[in-house]
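**Q** Chain residues, written in single-letter form:
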Amino acid sequence: MGNIKVENVHKTYKLGETNVHALRGIDLKVDKSEFIGIIGPSGSGKTTLLNIIGCIDVPTSGNITIDGESTVNLDDRHLTYLRRNHIGFIFQSFNLIPVLDAFENVELPLIPLGYDGEQRRELVNDILEKVGILEFAKHKPDELSGGQRQRVAIARALVIKPSIVLADEPTANLDSDTGNKIIELMKHMNESLHTTFIISTHDPRLLDYIDKKVFLEDGRISRTESG
Amino acid sequence: MKITAKVLFYLKLGARNILKYKKRSLQVGVVICIGGFVMTTMGGFTDGMYDKLLKDMFEGTSHAKVFRKGYYEKQEISPLELSIEGYRGIIGRISSAGPGVKISPSISAGTVVSFKDNSLNLVCQGVEPYSGKDADLFPAYRTYAGSVREGRFFKNNSDKGVLISSYAARNLACGLGESIILFTADSYGSFNAVELEVIGIFKTGYKDKDENVCIADLQSVQGLVGLENAVTEISLYFNNLKESESFGRRISGIIRENNLEYMDWKELLGVFVWALKIGNIFNFIIYIIFIIVAAVGIMNTVLISIMNRMRDIGTFRALGFTLNDVSAMIITEVTLLGIIGSAIGIAIGVGLVYYFSVVGIPISDEMKDTMGSFLSSNRIYTTLKINFIVFPFFVSCLVPVLSSLYPLSLMRKMHIKEALGFL
Amino acid sequence: MNDKYIFSISAKNLKRRMRRSVLNITSIAITSGIFLFFIGFYRGTYIAMMRESFIQLKSAHVQMHSPAFDDKKIQDYVAKESVIKDYPPIVQKILKMKNVTGVSPRLISAGFIGNGREKLPVMVTGCDPELERNFGFINEALKEGAYLDASGGVLLGRKAADLFGFKVGDLCYVQAQTVHNTPNLLILPVTGIYETKFHELDKNTVFIRIDDANLLCDTGDSVNKIFVMLERMNDTGAAVSALEKEFGDRFDVKPWEYYAQALLEGEKGDGIFYAIFLTILLFISVTTIMGTMYVNVYERIREMATLRAIGWQRQEIFKLVVYESLAIGVIGSLIGLILGGIPTAYMTYIGFDYSKMTEMVSLPILRLISRPALYDPFLAVSVGIVSTFFGGLLPAIKASKMIITDALRVN
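Protein chains in written order, with my numbering: chain P, 208 to 434; chain S, 162 to 584; chain B, 6 to 416.
In isolation and in its complexed conformation, chain P is listed as follows (with noise of 0.2 Å):
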């Protein structure tokens, strides 16, 4: 899993009495075990596209294909399977479960998955190791830092072993230099756990990150770099 295939895809969608055109046809391939960031201003489209590639949202026309199998016609439990057992989530603002503690945190994903107590524990550790913040697994949200708190997201996202990472401007809320480190630890994932990623931002101090940039304005892609 991990190949990504985006053919034409529009999507429209009404704010009050206007009809917001958020994507106006993108064309995007994305090969597995990728690091592409998608980059572009406010407003450009950036997350919508991460939302449709991330099954949260449906497009109004085209089509994406994950590994060869079409997404957009797909009901809600399948998309729920999808995103349970391949796709791992970062937000811009955390979005930890404030009455959970790091681990908790961590562990929410296993708990659909039907693992048991014991490979919870194992798998959870693991990955709060991984990402520098076992020390701090029993505290919750309220009591980390910005950076600690995106490194938890981090671990939750990694924790099922995803074919895709989705991250949605995963800096913005914080500083340069933790900013930094964080796109430093999801660089590492990638290379270690051959993790497709996916990062949207418009930071432009990210760029020397990221393998291939796709730059998004107006709902289109107006240009792509690699390297």
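Check each hint, because a few of them may be wrong.
[Unchecked claim] Calculated cross-link-like contacts (lysine-lysine; reagent style BS3-like; alpha-carbon spacing at most 30 Å):
1) S/403 <-> S/213
2) P/394 <-> P/212
3) S/181 <-> P/347
4) S/364 <-> B/361
5) B/164 <-> S/368
6) B/259 <-> S/368
7) S/184 <-> B/20
8) B/78 <-> S/529
9) S/368 <-> B/17
10) B/172 <-> B/202
11) S/574 <-> B/20
12) P/239 <-> P/221
13) S/184 <-> B/17
14) S/427 <-> B/202
15) P/212 <-> P/420
16) P/420 <-> P/337
17) B/9 <-> B/403
18) B/77 <-> S/529
19) P/337 <-> S/167
20) S/438 <-> B/273
21) S/403 <-> P/368
22) B/259 <-> B/78
23) B/20 <-> S/368
24) B/164 <-> B/103
25) P/236 <-> P/420
26) P/221 <-> S/574
27) B/273 <-> S/213
28) B/164 <-> S/230
29) B/361 <-> S/184
30) B/77 <-> S/213
31) P/368 <-> P/394
32) S/181 <-> B/403
33) B/172 <-> S/230
34) P/345 <-> S/167
35) S/183 <-> B/20
36) B/164 <-> S/277
37) S/427 <-> B/361
38) S/364 <-> B/77
39) S/235 <-> B/78
Keep in mind that the hints were calculated from the coordinates and are not lab data.
Use these hints to put chains S and B onto chain P, whose structure you have.
**A** Only chains S and B this time, still in chain P's reference frame:
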């Protein structure tokens, strides 16, 4: 394994959310607590009291009675021409149809009771208080037998004499061992009298018994009214009250052949049962009003709670939890609140009902007098029944869950991206 | 900034969280509707129906009797010490008193009526037909036959008549003990049959002329009780004082409350129950509103901070929040008037026949009715508005006290 882990997780999450969002939890919890308390106490104070009154009344009455057809509506005027003739044969046949049934014949007549210069209007009941092979005291007379203050109750069915209340004894200024005259019109239309020795003086506490009734042996009263081979009613008592309803059908042949009428306890207690029904309807209306107001309040709180945690809900969905999983999380939280709230409310309610079941609620003499046939003391007691715990608990847990259904349906309609805060 | 403008914004804000607002409005509507119903019901059934029926059918406003007369000793009602001789001048004097609408001298004794074979225990009530005609209920309750006239006879209740199968014109045996404690019997024609639905009257009371009663009881020309009816219930206190002043040395003067202890106890007990029930409902509504307003404030704290930043005063923010909860109160209460008004109207014009209860309880609780007053809707609306005011008060105080910069930073 999978399900257990999920359920444990939901319980953990629910408990943590309850503790985190204290104000909201308290709001819902207090409403449920009050609900449980109200239902328990209303049950205990109304149903519980009625049940106790009913039970007390049954101590002094019969489960069913057999009359000559037309007698019951006119029983206050003791229509002697509507008596049951050949009653011994009828009792024999009833006994065969129901071997375990206790049977006791009696005759009622309005009399003037006099002693020297004093007189009193009383209904005289001529009774055979012992029934069956073992000559057990018929339960309807336990009240009298148990409340004898001086002298004795009848020793057997051949014992002759009369028992009067202390009220009657005071008004007549007569005492134990003295002879009083019972005077009435007999079945031939002429006046007749009989002199009987006062063998006992009772005080039941029930106004209608103490001020209106005296008890004499059956034979003496039959002689007084000129009905040697007749009685006005045959009382029946069963091991199980419910039998009274079906027994009537079993002896329908005997009833029809002899132009009789069978009335079970519900018919005999007519007005009381009607009053109970009205009371239950009133209680029901109060419960419904309360449930609606509570449900609206809880629904509002749950709605706010869900809307404010939409991002968390969206995150769960993004991580692979289904709509049903998320719904289950919320229902678990609400059920937990329901269990805690109702347990506290019901516990307080049970405490109150139990306290008054032991101590009683004092009522004035005037109140007691207006309910003379039902109250024998100046205190009314509640009773505690398992119904008053189980039913309120069930309802108090169910209402918050049902109140959550509408907010949950709204949550289910939301797209994941909307929940996450994306447009 | 004028209040009307702030109120219009608050009212518009209700639409932002429509479901929440609807639920809150529903809660207030139900509570104020129930409040409206219960005040009319309590006034109608307890104050109007029960008290008025009690006075009309059982006790009158005031009773006078000799000090030796004991209401509890029925067998001694007719005794030498307990009767009042020379009562006519007393009656005339009372009739001239202020607020007195009627006086009924009566000779009441325990007795029987019958058909010669069976008999029924009753209270034989000897009365003056002319005075009684304007006094009580009998005239209105008469269903068959005619009222008592100079020729005498007996007036029975429907239930008593049905027991014996008596029709107008049939002969009725009336039996009682004389003042010498000997039995006596009169055979009188049934002149009329009345029906009040009050069991005690319809089954266990009969009316005959005073002369016949005196003949029956051999009491000469006496009565044992004088019943007094007044214009209004509230005149009772003054009437009792006046009667005590005039007759207090010879007679006991008792107001209806003396006889209505059980009724008043029941009234109080039920009143307490209704008060507690309504308080609980109000409490739930107030906490519901409070919870909602807290959340509304929390969600819009940035907005309110912006308003403060652009120049709104603290009290204007306070009003913004309070007016929103008041708007819920106003709308909810008005809907509540309809919700409560429908059952109130039903109970006012139709009511519920409760007369069967009089077979069990010797109080004339004949109907459950409502008697709404003009000010009831204002009361109900006030309750709705005041409770929503208190619901919105604390959140409004919190909103008005916010620190602008902190609030602007809230996500």
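**Q** In ascending order, which of the hints set out earlier in this document are inconsistent with the structure?
**A** Numbers 9, 12, 21, 23, 24, 29 and 36 - these are the hints that the structure violates, sorted from lowest upward.
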